[in-house]
Amino acid sequence: MVGIPIMMLLAWRLSFRQTYNSVMELRQFRSTSLQYPDPDLTIAQLNEKLQLIKADDMGDHQSTDEQLMSAISQNTERYHVQLVEFPESHIYASNNYTVQTFRVRLSGRFSNLVRFIHSAEYDLHTCRIVSVGFTREVHRKQGEKLYADLLFQSVYKTNQ
Amino acid sequence: MNILDRIRTKRYHVLQVDLSNPEVHPSSCGVFCKLRDRIELEHVLNAMPLNEILDLIPKNSRVIVLFSGDQVLTRYSAEERSTLFEEIEEEEFYLQKLVTRGGWAIQSACRRVIIDTILDYIILNKRFLMDVSLSPTAIPILEGTIRKEILVIGHFQFSFGEKELEHIREDKSTGSRKRPDERINLSGTNYTPEQLSQMAALMHLLLEGPAHLSILKGQNIQNRFFCRFRLTVVLTLASLFVLLLVNFLLYSHLQYELSNLKKNGQNKLEKIHEIEGLKSQLTEFQSLRISDRSDPEETYSFYLEEIAHGRESGIWFNSLYIHPGNKRFEKGKPYSVDATSINIEGEAKDPASLNRFLVSLKGTKWISDIEVMHYEKSLEQPNADFEIIIKKK
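From first to last, the protein sequence lines are chains W and X. My numbering numbers the first residue of the first sequence as 1 and each following residue consecutively. My numbering numbers the first residue of the second sequence as 1 and each following residue consecutively.
Since the hints were derived computationally from the structure, they do not count as laboratory data. Some hints could be false.
[Stated by the list, open to error] If you want a taste of the chain W side facing chain X, the calculated C-beta under 10 angstroms gives, among others:
(1) 8
(2) 15
(3) 18
(4) 83
(5) 84
(6) 90
(7) 113
(8) 136
(9) 150
[As the list claims (entries may be wrong)] Here are the in silico distance ranges between beta carbons for each label pair:
(10) W:16 to X:208: 27 to 35 angstroms
(11) W:121 to X:318: 20 to 28 angstroms
(12) W:33 to X:234: 41 to 49 angstroms
Where is the CB? At the ideal position from N, CA and C, for every residue including glycine.
Model the full assembly from the supplied sequences, consistent with the hints where possible.
Rendered as structure tokens:
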């Protein structure tokens, strides 16, 4: 009598379980096939989206900071604002992508700073502005000064 | 190997039925238990009608029936090849034969009708019928166990020598037992002749196997419990086999179908894998990228202009943050901002000025809500400090 449950257990482990796995595999295969009736079209759409992202957000990370610095130095003269601080950037890497964040501190008149921001939003392609902050500080010698803290971010693919 | 090692049953009931009139005449039952090295009489159920004594025997317990009384005809001969019941017809009688080591032929016969009736009654009462024996034919089976004793059972007197049955003769003393109270000592236990007869029936079964194989040809002495157990085992195994067979066929069919699908759809499968890879890339990217604008027109410069335009006289800003985030970068964590909020801290000449500013902001289409977090007017300062949070749509 003891042999019967053991046989049942062995039969389940060696045989019924395999059948169950096969059923599940077949079911998944069929459902996936139904989910993508035209896989070529789906691939094209996804590739298009990723290409758009690449064109819009992704740059060459090796030269992002150089390009950003270059753009800022050009625009500061043009819009009469001063670059106060450009500290070290922050890098975060996930599976396929790396996100690089830059913090830039500028000072100047409010209208000039807004024009600078406008220009950075439309003309800068290597990275995007993700946060803007204005603070008014009063210095003893220099008097009142307006600072703009801008955060730029770029996303690029790590594994091409 | 000792015979006892082969026995798994621990308790036997030897039911002795007096065929003279089983309904009236008392029957007795010896309950024997198997110990490690011997079989011992445990207790006796005595002097009761058959139906009452059957009630005392647990259901499915092993029962050996020993028939005795005047209805059992017994004959003996010193010649072992003798045929003692030439006149009886085998269709009508059950016959039990035994030849002793001392060369005595002992045969007992009983009418089938009588025995079958009682056996059917016992079987109907769901008792596990193991063997049937006719007394006193079973007694010589104890040959070698009883030594130098004269034993009277029924109408027969047995005389045992060192090992063999030396003499058997009919007890002529008016049918009553010669020494009814005499007990025979076997391995330290005293048995009455009746109990010894029951012990002999049990020994007969253990040594010779079920008697019904030889004497009750064609009789269905059934072992209900055994039959049921065997049937259960057979049915379970058969079901398991059928189940495995069905499973095997199903598995083969599934494998065939899967291999066909994979063969035909290999190209599609690869494309599906590619789709899943691209989708995971897209999801990962979207989770990393800060989605800061729902409308491409709504840029940071746009928000700044809108807020500056709505500013009333009597309102001054100390700080303004569009999508405020952590002031410090944390290593190993993605930098995130609150892409739905604009925080403003400043000073207001009076509550009415602040209120006018808030009303003008609420009129803009991209704002869903404005919360005044803080408003305080101290005596030392001419203006009141305030803090508001603007929630974007």
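Results of checking the hints against the structure:
1. 8: holds, 7 angstroms
2. 15: Because about 5 angstroms separates residue 15 (chain W) from the closest Cβ in chain X, which is inside the 10 angstroms limit, the hint holds.
3. 18: holds, 6 angstroms
4. 83: violated, 18 angstroms
5. 84: For residue 84 (chain W), the interface hint is violated, since the closest Cβ of chain X sits about 15 angstroms away, which is over 10 angstroms.
6. 90: Holds, about 4 angstroms.
7. 113: holds, 8 angstroms
8. 136: Holds - the Cβ of residue 136 (chain W) comes within 10 angstroms of chain X, reaching about 5 angstroms at its closest.
9. 150: The hint holds - residue 150 (chain W) has a Cβ within 10 angstroms of chain X, the shortest such distance being about 9 angstroms.
10. W:16 to X:208: 27 to 35 angstroms: violated, 48 angstroms
11. W:121 to X:318: 20 to 28 angstroms: Cβ of residue 121 (chain W) to Cβ of residue 318 (chain X): about 24 angstroms, so the range 20 to 28 angstroms holds.
12. W:33 to X:234: 41 to 49 angstroms: Because 46 angstroms falls inside the window, the suggested range holds.
In this structure, the hints that do not hold are numbers 4, 5, 10, in rising order.
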